[in-house]
Structure formats: structure tokens, C-alpha cells
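J.: Here's the letter readout for the chains.
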Amino acid sequence: MNPHALMRRCLSAAAALLLSAGALAVAAPSAGAQEDDVDTLSIATNQEVDTFNPFKRRYSITYETSMMTYETLVRMGAEGYEPVPGLATEWVTSADGLEWTFKIREGAKWSDGEPLTAQDVAYTYGLLIENQAIHDWNIDFAANLVSAEAPDDTTFVLTLAAPAPAEVLNREVFIVPEHIWSEFADPSADDANQLPLVGSGPFQVTEYKTDEFIRLAANEGYWEGAPGFDEVVYDYYVETDAAVAALEAGEVDIVGNGMQGALNPAQLQALEGQDHVTTNDVQGRRYVSLTINYNSVTQDGTEFGDGHPALKDPIVRQALHMAIDKQALVDTVLDGSGEPATSIIPSIFEQYHWDGGDQLVQFDIDAANQLLDDAGYVRGDDGIRTMPDGGQPLSFRFYHHADNTAYATIVEFATEWWAELGIDIKAEAIEQGSLNDLAYLGEFDLAFSGWGVGPNPTEQLGMHTCAVLPTLTDGTERSSENNYCNPEFDALHEQQKVESDPAVRAELVKEQQALLYADTPVIYLYYQNVMEAWDHTSVTGMTVQPAGGMVTGQQGFTWAYYTAQPTGGEESGGVPAWVWIAVAAAVVVVAAGAIVFVLRRRKTADERE
Amino acid sequence: MTDSSSPVDGASIEAPSAGRPGGRVSSGFGRYLLKHVGGAAVSLLLVLFSSFFIFRLIAGDPIDQLTKERPVSPEQRAAMRAELGLDQPLWQQFIDYITGTLTMDLGESFQYRRPIFDLIVERLPATLLLSGTGMVLAVLLGFWIGTRSGWKQGSRYDKGHVATGLLLYSAPTFWLGMIVILVFARYMGLFPVNGMRSPSTPPDFWSQSVDIGYHLVLPVLTYTAVVYAGYLMIMRSSILDEIGSDYLTTARAKGLRDDEVRDKHAVPNALLPTVTLVFLALGSVVNGSIVTEAVFSWPGLGRLFVQSIFYPDRPVLQALFVLFSSSTILAVLCAEILYWFIDPRIRRS
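Here the protein sequences line up with chains A and B, keeping their order. For the first sequence, numbering that gives the first Met the number 0 assigns the number 0 to the initial residue and increments by one for each residue that follows. For the second sequence, numbering that gives the first Met the number 0 assigns the number 0 to the initial residue and increments by one for each residue that follows.
Keep in mind the hints are simulated off the structure, nothing from the lab. All of these numbers come straight from a predicted model, not from anything done at the bench. Among the hints, erroneous ones may be present.
Chain B stretches covered by chain A per the calculated footprint, using a threshold of three residues with CB under 8 Å from any CB of chain A [as the list claims (entries may be wrong)]: (1) 191-201; (2) 225-235.
Taking CB as the label site, the calculated pair distances span [to be verified]: (3) Asp185/A - Leu44/B: 36 to 42 Å; (4) Leu56/B - Thr154/A: 21 to 27 Å; (5) Gly272/A - Leu189/B: 20 to 26 Å; (6) Gln193/A - Phe28/B: 32 to 38 Å; (7) Ala366/A - Pro171/B: 33 to 39 Å; (8) Leu56/B - Gln193/A: 33 to 39 Å; (9) Asp381/A - Leu56/B: 35 to 41 Å; (10) Pro171/B - His535/A: 34 to 40 Å.
All residues carry an ideal CB built from backbone N, CA and C; glycine is no exception.
So here's chain A without its partners, still in its complex pose (with noise of 0.2 Å):
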């Protein structure tokens, strides 16, 4: 080959390589310049959107959706989560509890720019009364509905059939734009609302990107002012590690209750090392419990399942709850991350919470071993207790969710207090499916369950009414939680309904709560702590939910997003300049390299001939 020649050819590929690496250099900061302008508060998820339809909304990543675009007439407050003012101002309630009068804000808007009035909530409302599939998915409020009327623009009447004051206040109903939503031939589809969505609260929905994000832009308009955040963006994370990660690297602002199964202790722990990062570990509106088979029964009274006799028993059940140390649990499980638990309402609901009171259950192995000796579960010659009849030994099967460590290491424990009781344990890690089948069938002696706590306690203490038993065997209707049935509980449930005073009312909810806790059909053993954290570095002012709370996994309103400012930090994500100019070399190298191989090729054909 002419020396000279490739000389050449080398010297052009390098004057090209240089020159476009150049031009990309120039034009990439200016493409970068653009994306700067817009303020992004990046959260964490790994949540998947079911629909962006409010009414038949499921999953929580769309809770928080729906809360964002649109608003309810009534918030939950940042401090307790107690009634405050929303899309209504103010509003007042006939003296039998039936007629509720709201005055609706004027000068809202929604995001569209056209106003929004009390005719928007009427028909909204009408939609739960009316449609009937929105009804039926939303019966246990719905069906207490008699009529929504809008007499002039700013005054909404909701007429009930029964007084039902918690729920009309607490219960989430997002009202959704009738100029849009009349237009729909289905409202109650889970596609019938397109983006971008149309709404009246602090962000709307604009794009979804099935797995990779969701894009929520700021409305403008917003009668309380227009959010900090130009945008807000879920960004998809299938391992909360890479989250981690994500956060570390300053990719993504908020790492928190977004996340299914969230943070834990380590990787908090890693997290509080970053100069960057503020991390939180704060009271969750979660309890893990033990579910003990000591009922299963059917509406009729039919027996299924195949559960332990001695569970029937509610000294047994006493004992096994006495020779638990919670303390215990929370600290090696939870590495502190929690608290012993009481009962159904977690203590972050101080107005509702029951704190065990004098009946307040010790951690005391004598005692337990005592109670036992006292109704007759004498020990047999290996040191395991008998029915008092000396019939069936005390081995209890103990099934705990094969994917969960925690309830693996919680087994370990209970296995050694239960066995200076006498009391032997089969446990045996199951797949969730099939642990659920197995707990609805009946088929089991004890197991974990665990609940996240709505605001509203009628919720979860409406899974221990006598409606909800089983009507079958098959363990297809999971309704009742443990087939909890006592009457007197009931009649509890049903006056704390329709209670107006939130005093009385919650003296109510607390005797329901030790109701359960005497009865024993579930061990309450911890409320676990929300772990989040996030990038102060890039937002600030977040207002937590309640007093001393959490910024996510919020109730109610979007207090924390809504309030958050952005502080003018450098945004990072988007594609850095040297990628470009990586690129640029890399398209230039292998033009050259592609011309270079031709004329050798060419050259080499000519040698052969």
C-alpha cells in the first residue's frame, strides 16, 4: 500500500472525526438548555396503572393519580387527617343527619380553563346514584345515596337515605368536569377518560408510558396558586435497590411508599449516609398481624376447614398472645422501625388508635403456662401439651408467606416462646397465592396477615362483621377478615356510623377495637414504620402528613407534592453532552473504518488479479 496515501486517508478521517465531534458539541448543551426550563419532581414507583378512571380506580399509584388531578369536596387534613375545607368552603347538616348542604368554592376552575360548579359535583354524584356500574363498584356508599341536586351554581344538597357522617366526609369522591365527562359513552369504562385528563386539582395527568413513567403537569390555574413543580414524573423501578441507586445517583427525588414493599432498614441506613439525601422513618398506617383459624364458619353456621380444636379455645389463643414479645419483634425484625401493636388501627390515628388500656396483654411465659395448666392442656411425656380430654396434642401448622423474610425471622421466634408452652409448630413457607387459598379454605391453624389502614376506620372493622362471613365453603368470598362474628361488636359498628360527634364516635371505634383484642381472633403484632427519603438537594418544603409525618403514601390531598418547591439546583437526567459527542466519534469512526475497509478490499481484489 502507498504509505503516502493512507497518510492521507488517515489524516481526512481524523479532520472529519474532529469537525463533527465539534458541531455535537456545540449542539447538544444548547438541546440540553431546553429541557432545564422545566422543574421536575421525579418520584419512584413500580406500581402499574390500572385506569386513570377515579371511580374505578384500585390500585394506590392511581389513588395518588386521581388525587393529584382531581379534588374532593372535602380534604383530609396534613395534621391529622381531620375534615378540612376543599372544593366545598363550608358545609352544614339537617338535624336528622340526612340532608348535607355544601357551598362549593367559586373561581375554581378546571384545568380546560372553563369554571367549575356545583353542577359538575351534582353530576358527579349522580353518577354513583345513577350509572349503575359506578354504583355497584362503589355499593358501599352509593347505596346510601337518595339524591345530588345543585340548586344554583355554588350550593350542592346530598340527600342519604340513612345518616352516615364519616363516610360522606371521608369518603374520597373525586368530581369529575360534566362538559367532559356528559360526553362519554361509558363513563364507568376503565378507558372512558383520555389524556391528558381534565381536573381541577394541583397536576393532571398528561402521558403514561406503560412501565417507564407517568407525566403530571402543573395546572396553572389552581385556585390555591399554582404548584411549585412545573411537572411531576413516577419513574418505573422494578427493584427498590435500583431506586436506591437512582436516588444516590441524584436521577430520581423521592424514593418512598411509592415502592411496593418500600425501603428497609439497610438500605435507609445506606441512604443516611448521602450528604444529599434526607431520609425519613416515621409512623405507617401499616400492621402485620397473626390471623388464628378458630372459626371457620359460614354465614349459616356451616363448619369448613380443617382448623386445631384447641384454637377454638380462647385461653389458648391468650396464651399464645401472652408469650409473644412484640418489644422484641420490632426491634430485631423492624431493627426499631415500628411499635408493639394493640389493635386494628394503628397508632398514627391517635384519635381512633386503642392503646390496650389495663387490659393491656404482658409479655409473660409463666402466666401463659399457668392460664394453660388451669383449663386442663396437661403435658404429655415429650413436654407437649394435650387437648384437656388427652386427646390431639398442641401442634399447630404455622404457614408464613414464602417471598417475606420478616414473617420467616417473627416464625423462628414464636416457635421458641410457644415451646416452653408446650405448644409445637409446623411452620412451612407457602407462596402468597396459595397461603390465601389456603387461610379463605379454612385450612390452616395460624398465619400472618396485614393490612395499610385507611383514615377512615369503618373500612377495616367492617371486615369483622357478621355480613361479611363466607355465604360458602370454597373460599371464593374474601371479605371477612378471620371470620370474626360477635353481635355485640356489630351493634358497635353500626352506632359508630352514624355518629356525628367524632368524640363519641371515637369511643365507640376504640370499644370495638377491645372487643377484638379480649376475643382474640388476631394477634396484632407491630405497625411497621413508612421509610422514604428524598433529594433536598432538588426539593424542599414538603408538608408532611400527619404532624410529624410522611411526604408519601399521602391521604386526602397531595399536601406534600402540591407544596413542594423546587431549589433551583441542577436537574440531572436527560442525556449528557458527552454521550453526544461519544456518538458523534462513534458514527465518524466507523464511517471511516467502513471507507478504509472498501479500499483495502478493493486493493487487495486488485492484487489477486
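Keeping the supplied structure of chain A fixed, place chain B upon it in accordance with the hints.
T.: Chain B only, in chain A's frame:
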């Protein structure tokens, strides 16, 4: 293409063109084709039927997932069951599934409440991009290194590459992916942690392409690192099979340089057995990167599959199972047809 065609090859290639025993040859191919297409069709049917039942073995009520975040009344549960078609008897569900799958109406996903066909169409490009790119790189890399490894068997180059390749091959993809994320994204900050594109990227074609390419680097790196050793080892052993052949001695005797002997004589012959293997691998491009997709939150079919298992989102699992299996079956069929043309022994048998 090369000067190494053996007399056998020459003769067999001549046969059809000469048209001498034309009828016999074509009927031979016809029978061969029929046999394998028939086999593939039977396999497809079995997949179609079994897919319905396999995923019913995953226990759990989908309604539990839909309602896990708030208590619901029995009426609400019933309404949900009806909407998902779960209130239908099993045989009705089966018939709906078969007719639906055959007419490309795959039904609706439980979790996304959207047509499954749309979900698949949406994710297929992401998967093809990731595992397609990874596969091409892995094949090129594996063949390149494998050739040189085999050629200099026992050398330091050979030992080093085989050890590295096998080490990566045996590393759990999940673990390797997290290491890659920590090193390149978290600490060096060179690449994004995960996803396929950044929401803040302008929507124009060039910005999107570069952004997707930028996000593609780490997943492809991980995917390639895990699978290239397979191709390396196959290419290496193919080369080892050829290395003592007489034609190589002849080529050397002609005075060719060592790398010419390797590249122009040994490699083309060693490639034959591996080409069909690559074809087989093509079938798994569709489902080839399930774990990688999960680690990097890559919005492809593999991630959809994983997410649906945990649900369990049976309609999606059924559809994906049929898709994954049929793509493999079709690739195997193609490989078998290809054999007919590149392996004369089949034609003669």
C-alpha cells in the same frame, strides 16, 4: 466463497441444478418439510392447550391482588369477578381462550386492564432491541474470541478468555446487573440507573434515539457478558474439530500466513455447525432477557412476564407463554429447513 469446498459439497450442490433426479429430490424435500412443519404444528397445538392449564396451577385469586389495598364488600368482589370473566365456568373460559388466541384477540390483562395484544406490541420492540443487540454482540464477540482461543488452544490467551467467559456465564444475571449499576451508574455516574429513556428527553427522533441508545448500554453490556461465553465455547470447539484437518495442512503448505489459514480456511468450515445454533438462539431473542429486563426496569416482554407471574395475571402469562414457545418452535423449524440446504448428509439419508 472459499477454495475449500470439498468434492462432496460440489456434487451435492450440483444435483438439483442438473435436474437429473429432480423429481426424487424435490419430493424428498417435500417430505422432509412436511414432517418438520407437521411436528412444529403439533408442538404449537400442545403449547396452546397446555398454556391454559399450566397457569391455573399458580394458586391465588386475582381479586386478592386487585383489592389488597383496601377492604371490599362481597358485592364489589362479585362485580370484579364478573368484569374479569372469572365467574364463567372453566370450559367456557377455555373456549374463549382458544378462539381468542386463534383470532389474535388475546383478551385483557388483569393488572393493566388493557388489551394484551396492545401490551405485547408495545413491549416487543424494547425486547427485540435489547436482546437483539445483545445477541449480535455476543455472537460476534464469542466467535471472534472463540476462533482465536481454539486456534491457540492452551495458550495464555485461551485460558484467560475461557476462564473470564465462564466466570461471567456462571454469574447470576441479577447480581451482575446490580454490580454494573453500582459501578457505572451509581459511582462513576456515566450511565442512567435504569429505564429505556428519560422523561425529560425532547420527543424528536434524534434525541429519543440517542437517549434510548444511552440507556441501552448497561443492559446490553450485562446481557452480552452473560451469554457470549456460550458462543465462545461453541466456536472454540468447532475450531478444535477442524484444527487437525488435512486441508489446513495443505493451506499451510501453500505458504499462507497463519491468520490467513485460520480466517480463510478453518473459520468458514467451523462456522457451519454454529450457524444453525445461532438460528436457534434467534428464537429466544423474544424471551431471552427476562432477568436483565427486570434488573434494569427495561420495559420489555420479559419484565411483563415476571410482573404477571407475581400477580398472577393469567391471560398475560398464557399469551406470553404461547408467544415465547411458538417463536422458539418456529426458529427450530427454520433451523431444520436450513439444515437441508447446508448439510448434505440429511439430503442423502
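J.: So, against the hints stated earlier in the document, which numbers end up violated here?
T.: 2, 4, 6, 7
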